[in-house]
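Asks: Residue numbers (numbering that gives the first Met the number 0): 0 to 118.
By construction, these hints were calculated from the structure, which means they are not laboratory data.
Yeah, the Cβ is synthetic: ideal placement off N, Cα and C, and Gly gets one too.
Each hint should be verified, as a subset may be incorrect.
Stated by the list, open to error - Computed list of lysine to any residue pairs in SDA-like fashion (alpha-carbon distance at most 20 Å, straight line):
1. K13 - D29
2. K13 - Y114
3. K13 - L31
4. K13 - L3
5. K13 - A23
6. K13 - I74
7. K13 - A44
8. K13 - P95
9. K13 - R27
10. K13 - A35
11. K13 - A1
12. K13 - F28
13. K13 - V101
14. K13 - G94
15. K13 - A48
16. K13 - N118
17. K13 - A2
18. K13 - A25
19. K13 - V45
20. K13 - L117
21. K13 - A26
22. K13 - L86
23. K13 - L73
24. K13 - E30
25. K13 - W24
26. K13 - A78
What the hints assert, rightly or not - Computed spacing ranges between beta-carbons, pair by pair:
27. A23 - I116: 22 to 30 Å
28. A82 - V113: 14 to 22 Å
29. E20 - G58: 22 to 30 Å
30. R97 - G67: 35 to 43 Å
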Amino acid sequence: MAALVYMHGLRRQKQNSRLCENPAWAARFDELRPNALRRGRRLMAVEAAYLIFVLTLAGTGLNHEPAGASFVTLILALAIAGAVALLAITFMAVGPCRRHLVLPPLLIVVFGAVYPILN
Numbered sequence: 000m001a002a003l004v005y006m007h008g009l010r011r012q013k014q015n016s017r018l019c020e021n022p023a024w025a026a027r028f029d030e031l032r033p034n035a036l037r038r039g040r041r042l043m044a045v046e047a048a049y050l051i052f053v054l055t056l057a058g059t060g061l062n063h064e065p066a067g068a069s070f071v072t073l074i075l076a077l078a079i080a081g082a083v084a085l086l087a088i089t090f091m092a093v094g095p096c097r098r099h100l101v102l103p104p105l106l107i108v109v110f111g112a113v114y115p116i117l118n
């Protein structure tokens, strides 16, 4: 999931850089860039808060009943976090640097590593 999100961000950033070759589009992107980056950061914060909430559920054991609920929780968490990360990375791809594209997939990777330990 994280690799898919990161690849989407790279592809989107490449498309945006091709559009910026046109001076009219470059001016439009310069105008939209601060708002898009702000929206991307907000969505990334929503993703992080949701993943922390799911990790809290796993740590407290609230998702162990009924049997198999932890796997359903994991699948739903990855699907929802992936969707929010795709939205966040789409907004953050307007920036010229790639460091904005690393954090949303990294949150998914960290969640995938920590969830089995807590569960």
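Asks: It remains to establish, for every hint, whether it holds in the given structure.
Replies: For each hint, the structure was consulted:
For the given pair, K13 sits about 16 Å from D29 by alpha-carbon distance, which is consistent with the 20 Å threshold. Note on K13 and Y114: the hinted pairing is violated, with a Cα-Cα distance of about 33 Å set against a maximum of 20 Å. About 17 Å separates the Cα atoms of K13 and L31, which keeps this hinted pair within 20 Å; it holds. Restraint check for K13 and L3: the C-alpha separation of about 15 Å stays at or below 20 Å, so the hint holds.
This hinted pair checks out: K13 and A23 have alpha carbons roughly 17 Å apart, not beyond 20 Å. Distance hint between K13 and I74 is unfulfilled; the C-alpha atoms sit about 30 Å from each other, more than 20 Å. For the hint linking K13 to A44, the alpha-carbon distance of about 24 Å lies beyond 20 Å, and the restraint is violated. Of the supplied pair hints, the one linking K13 and P95 holds, its CA atoms being roughly 9 Å apart against a limit of 20 Å.
Of the pairs offered as hints, the one joining K13 and R27 holds, with about 16 Å between alpha carbons and a cut-off of 20 Å not exceeded. Our distance criterion of 20 Å between C-alpha atoms is met by K13 and A35, whose separation comes to about 16 Å. For the hint pairing K13 with A1, the CA-to-CA distance comes to about 18 Å; that is within 20 Å, so the pair holds. This hinted pair checks out: K13 and F28 have alpha carbons roughly 14 Å apart, not beyond 20 Å.
Our distance criterion of 20 Å between C-alpha atoms is met by K13 and V101, whose separation comes to about 15 Å. The hinted pair formed by K13 and G94 meets the criterion: a straight-line CA distance of about 11 Å does not exceed 20 Å. Taking the CA atoms of K13 and A48, the gap is about 29 Å. The hint is violated against a cut of 20 Å. Distance hint between K13 and N118 is unfulfilled; the C-alpha atoms sit about 39 Å from each other, more than 20 Å.
For the hint pairing K13 with A2, the CA-to-CA distance comes to about 16 Å; that is within 20 Å, so the pair holds. Between K13 and A25, the direct Cα distance comes to roughly 14 Å. Compliance with the 20 Å bound is thereby established for this hinted pair. Of the supplied pair hints, the one linking K13 and V45 is violated, its CA atoms being roughly 26 Å apart against a limit of 20 Å. For the hint pairing K13 with L117, the CA-to-CA distance comes to about 38 Å; that exceeds 20 Å, so the pair is violated.
With a CA separation close to 17 Å, the supplied pair K13 and A26 stays within the 20 Å bound. Distance restraint check for K13 and L86: the Cα-Cα separation of roughly 17 Å lies within the 20 Å cut-off, and the hinted pair is therefore satisfied. With a C-alpha separation of about 32 Å, the suggested pair K13 and L73 falls outside the 20 Å cut-off, and the hint is violated. Between K13 and E30, the direct Cα distance comes to roughly 19 Å. Compliance with the 20 Å bound is thereby established for this hinted pair.
With a CA separation close to 14 Å, the supplied pair K13 and W24 stays within the 20 Å bound. Only pairs whose Cα atoms come within 20 Å are accepted, and K13 paired with A78 is rejected, the gap being roughly 25 Å. Distance hint check: the CB atoms of A23 and I116 are about 51 Å apart, inconsistent with the given range 22 to 30 Å. Roughly 20 Å separates the CB atoms of A82 and V113, a value that falls within the hinted 14 to 22 Å.
Separated by about 49 Å at the C-beta atoms, E20 and G58 break the suggested range of 22 to 30 Å. Taken as a hint, the range 35 to 43 Å holds for the pair R97 and G67, whose Cβ atoms sit roughly 39 Å apart.
Checked against the numbered hints listed earlier, the structure breaks hints 2, 6, 7, 15, 16, 19, 20, 23, 26, 27, 29; every other hint is satisfied.
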